[in-house]
Amino acid sequence: MKSYRKELWFETKTRRAFINITPQVEAALRESGIKEGLLLCNAMHITASVFINDDESGLHHDFETWLEKLAPEKPYEQYRHNGFEDNADAHLKRTIMGREVVVAVTNGQLDLGPWEQIFYGEFDGKRRKRVLIKIIGE
Amino acid sequence: MKSYRKELWFETKTRRAFINITPQVEAALRESGIKEGLLLCNAMHITASVFINDDESGLHHDFETWLEKLAPEKPYEQYRHNGFEDNADAHLKRTIMGREVVVAVTNGQLDLGPWEQIFYGEFDGKRRKRVLIKIIGE
Amino acid sequence: MKSYRKELWFETKTRRAFINITPQVEAALRESGIKEGLLLCNAMHITASVFINDDESGLHHDFETWLEKLAPEKPYEQYRHNGFEDNADAHLKRTIMGREVVVAVTNGQLDLGPWEQIFYGEFDGKRRKRVLIKIIGE
Numbered sequence: 001m002k003s004y005r006k007e008l009w010f011e012t013k014t015r016r017a018f019i020n021i022t023p024q025v026e027a028a029l030r031e032s033g034i035k036e037g038l039l040l041c042n043a044m045h046i047t048a049s050v051f052i053n054d055d056e057s058g059l060h061h062d063f064e065t066w067l068e069k070l071a072p073e074k075p076y077e078q079y080r081h082n083g084f085e086d087n088a089d090a091h092l093k094r095t096i097m098g099r100e101v102v103v104a105v106t107n108g109q110l111d112l113g114p115w116e117q118i119f120y121g122e123f124d125g126k127r128r129k130r131v132l133i134k135i136i137g138e
Numbered sequence: 001m002k003s004y005r006k007e008l009w010f011e012t013k014t015r016r017a018f019i020n021i022t023p024q025v026e027a028a029l030r031e032s033g034i035k036e037g038l039l040l041c042n043a044m045h046i047t048a049s050v051f052i053n054d055d056e057s058g059l060h061h062d063f064e065t066w067l068e069k070l071a072p073e074k075p076y077e078q079y080r081h082n083g084f085e086d087n088a089d090a091h092l093k094r095t096i097m098g099r100e101v102v103v104a105v106t107n108g109q110l111d112l113g114p115w116e117q118i119f120y121g122e123f124d125g126k127r128r129k130r131v132l133i134k135i136i137g138e
Numbered sequence: 001m002k003s004y005r006k007e008l009w010f011e012t013k014t015r016r017a018f019i020n021i022t023p024q025v026e027a028a029l030r031e032s033g034i035k036e037g038l039l040l041c042n043a044m045h046i047t048a049s050v051f052i053n054d055d056e057s058g059l060h061h062d063f064e065t066w067l068e069k070l071a072p073e074k075p076y077e078q079y080r081h082n083g084f085e086d087n088a089d090a091h092l093k094r095t096i097m098g099r100e101v102v103v104a105v106t107n108g109q110l111d112l113g114p115w116e117q118i119f120y121g122e123f124d125g126k127r128r129k130r131v132l133i134k135i136i137g138e
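Chains as they are written, first to last, in full-length UniProt numbering: chain A, 1 to 138; chain B, 1 to 138; chain C, 1 to 138.
No wet-lab data here; the hints were simulated from the structure. Where hints are given, some of them may not hold.
Claimed, not checked - SDA-like cross-link-like pairs, simulated, lysine to any residue; straight-line CA separation at most 20 angstroms: (1) Lys35/B x Glu138/A; (2) Lys13/C x Glu64/C; (3) Lys69/A x Glu68/B; (4) Lys13/A x Ala27/A; (5) Lys2/C x Ser3/B; (6) Lys74/A x Glu64/C; (7) Lys2/C x Leu110/C; (8) Lys74/B x Glu68/A.
As the list claims (entries may be wrong) - Facing chain A, a subset of chain B residues (Cβ under 7 angstroms, in silico): (9) Ser3; (10) Leu40; (11) Met44; (12) His45; (13) Ile46; (14) Arg80; (15) Met97; (16) Val102; (17) Leu132.
Just so it is clear, CB atoms sit at the ideal spot from N, CA and C, and this is done for glycine as well.
Extracted from the complex, chain A is given alone in its bound form:
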């Protein structure tokens, strides 16, 4: 069994952002040399997400509006977590979007459906944060 580990680092200019990281995940898989196995990709921070969906800007706008409706950023005082911090909404938004994805590796490729793309979802940005890629297989 082979295993491979890589971190991706991000620092977004806005509080919230969606970044398509499929090319970086594919590059990590090539570097690993693993042909058959499972790939885990997870946010290492609890106010960020890794998820799979469509790379379509209208949809990303809909996600932003929808998450603000389900877990609004303001007023900050509505959340007990917000004393020294102001990011309680980011913990909730990331919960909706998910921490991680597990993707099959087949013939050395990410075994994704036709429109599946892997995204980093940032909900409390403007600082350096990490994503972990771990691959096991042969």
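Start from chain A and add chains B and C according to the hints.
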């Protein structure tokens, strides 16, 4: 290390549906011959879901009502994604229900709790769509 | 390839509770002797959750309030699942929080970010329920 891959295909007659796929996943596991490992089961489409919950029709009705409240299908114009498409709500509903499950394989069986059943959740049906099963182990 | 399996048992005194299980998961990993691989930790019950977030009591209070807003426990009659049962809300709350986490194992450690902690989320407690840990690797 062994690995095994299978696709399941679906074409639901309704826009939304929940289908218990536990028997097909068990059949795939038997066919793989894998006794100890991890099984990934994921929707390959971004308007569908694979999730684990109870096979109880009242609960499925509750899921439908609840998802329509959290991410209503109509009016279509409320979503920017809906230009040529009308399925933005399906992307959001699938986000709530999740893309994938990872299930332990122990002694050649799906290592599920007493009421755990695996479902395909369709949110934009009436066309052919796929689920991926990938198993690694020994 | 090595594999390892362990169950953790819980019986909470309240209907809902969040329990930090990171120490038990770390102990299981040490016992397994696995140095590189993937660890699955999932609720075996469909009204409970395993998730990763911050060990901060204000945030846990926010989760409780937020989940009650998204999927209220009462009135029980609002859910069709609630005939002999009264736990439909617990099925919905667990859907938001997630069934499982997959964590990378690196150098014999849980490969977690600085604030990542693993929680058992109970939404229909006061009875014995289980979490499964399955680890594969080398």
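Hint check results:
1. With a C-alpha separation of about 18 angstroms, the suggested pair Lys35/B and Glu138/A falls inside the 20 angstroms cut-off, and the hint holds.
2. Taking the CA atoms of Lys13/C and Glu64/C, the gap is about 16 angstroms. The hint holds against a cut of 20 angstroms.
3. Restraint check for Lys69/A and Glu68/B: satisfied, since their Cα atoms lie roughly 14 angstroms apart, inside the 20 angstroms limit.
4. Straight-line distance between C-alpha atoms of Lys13/A and Ala27/A comes to about 24 angstroms, which puts the hinted pair past the 20 angstroms bound.
5. Taking the CA atoms of Lys2/C and Ser3/B, the gap is near 15 angstroms; set against the 20 angstroms cutoff, the hint holds.
6. Annotation: proposed proximity of Lys74/A to Glu64/C holds, straight-line Cα distance about 18 angstroms (limit 20 angstroms).
7. A hinted pair counts as satisfied when its Cα atoms are at most 20 angstroms apart, and Lys2/C with Leu110/C qualifies at roughly 16 angstroms.
8. Our distance criterion of 20 angstroms between C-alpha atoms is met by Lys74/B and Glu68/A, whose separation comes to about 19 angstroms.
9. Checking Ser3/B against chain A by beta carbon gives a least distance of about 4 angstroms; that is within 7 angstroms, so the hint holds.
10. Annotation: Leu40/B was flagged as interfacial toward chain A, and the flag holds, the nearest CB pair being 5 angstroms apart, inside 7 angstroms.
11. Annotation: Met44/B was flagged as interfacial toward chain A, and the flag holds, the nearest CB pair being 3 angstroms apart, inside 7 angstroms.
12. Against a cut-off of 7 angstroms between C-beta atoms, the interface hint on His45/B holds, since the closest Cβ of chain A lies about 5 angstroms away.
13. A least Cβ separation of about 5 angstroms between Ile46/B and chain A falls short of the 7 angstroms threshold, and the interface hint therefore holds.
14. Checking Arg80/B against chain A by beta carbon gives a least distance of about 4 angstroms; that is within 7 angstroms, so the hint holds.
15. Residue-level restraint check for Met97/B is violated (minimum Cβ-Cβ distance to chain A is 11 angstroms; threshold 7 angstroms).
16. Interface hint at Val102/B: satisfied, since its Cβ lies 6 angstroms from the closest Cβ of chain A, which is below the 7 angstroms cut-off.
17. At about 6 angstroms, the closest approach between the beta carbon of Leu132/B and any beta carbon in chain A falls short of 7 angstroms, and the interface hint on this residue holds.
Of the hints listed earlier, those the structure fails to meet are numbers 4, 15, in rising order.
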